[in-house]
Amino acid sequence: METIKSFLINHDAHPEGVYLSHEEHNIYTYDLRFKKPNAGDFLTTAAAHTVEHLFATVIRNSAVKDKVVYFGPMGCRTGFYLLMLDTTLDEVKPIVKECFEKCLEMTEIPGSKRQECGNYLDHDLEGAKEEIRAFLPHII
Numbered sequence: 064m065e066t067i068k069s070f071l072i073n074h075d076a077h078p079e080g081v082y083l084s085h086e087e088h089n090i091y092t093y094d095l096r097f098k099k100p101n102a103g104d105f106l107t108t109a110a111a112h113t114v115e116h117l118f119a120t121v122i123r124n125s126a127v128k129d130k131v132v133y134f135g136p137m138g139c140r141t142g143f144y145l146l147m148l149d150t151t152l153d154e155v156k157p158i159v160k161e162c163f164e165k166c167l168e169m170t171e172i173p174g175s176k177r178q179e180c181g182n183y184l185d186h187d188l189e190g191a192k193e194e195i196r197a198f199l200p201h202i203i
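The opening position of the sequence shown corresponds to residue 64 in the working numbering, with each subsequent residue numbered one higher.
Hints in this document: simulated from the structure, not taken from any laboratory. A portion of the hints provided could be inaccurate.
Pairs of lysine-lysine residues, derived as DSS-like cross-links and limited to a Cα-Cα distance of at most 27 Å, are as follows [what the hints assert, rightly or not]: (1) 176 to 165; (2) 156 to 176; (3) 160 to 98; (4) 68 to 99; (5) 130 to 165; (6) 165 to 99; (7) 98 to 130; (8) 192 to 128; (9) 156 to 99; (10) 99 to 160; (11) 98 to 156; (12) 98 to 192; (13) 128 to 160; (14) 192 to 176; (15) 156 to 192; (16) 98 to 68; (17) 99 to 176; (18) 128 to 165; (19) 68 to 165; (20) 98 to 165; (21) 160 to 68; (22) 160 to 192; (23) 68 to 156; (24) 128 to 176; (25) 130 to 192.
Could you build all of it, start to finish, from the sequences and the hints given here?
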């Protein structure tokens with residue numbers, strides 16, 4: 064089998080930040096790396112789950128909502144993937160920053176009721192905000 068593109072990255076040399084992972088068929092996959100890989104500090108599932116709900120809601124209600132293909136967590140719990148149509152790295156960084164800043168203003172977790180979420184008990188609003196605050200300076 065072919066090695067998938069995300070496994071070709073040297074994760075030990077991959078610090079926090081926003082990176083273009085790859086582009087295919089006008090879909091740009093961005094790596095929003097919250098934590099340095101293999102450094103022992105990982106997102107908790109509750110914080111990551113909440114970041115997913117907050118950011119997905121904010122970006123899908125933003126001016127670029129029609130360009131959003133997907134936003135979700137990495138299985139390794141070091142960050143998230145954001146897939147966008149026809150959006151360059153220089154364009155996506157301010158969008159990501161603005162959306163995360165709006166996430167910090169939220170006082171409730173969207174989509175966190177039992178009927179709306181498959182793991183509604185696994186959320187941490189304050190933990191998510193702490194992770195977002197720590198990540199914001201890495202968006203350069």
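* Checked against the structure, which of the hints given earlier come out wrong? -> 2, 17, 19
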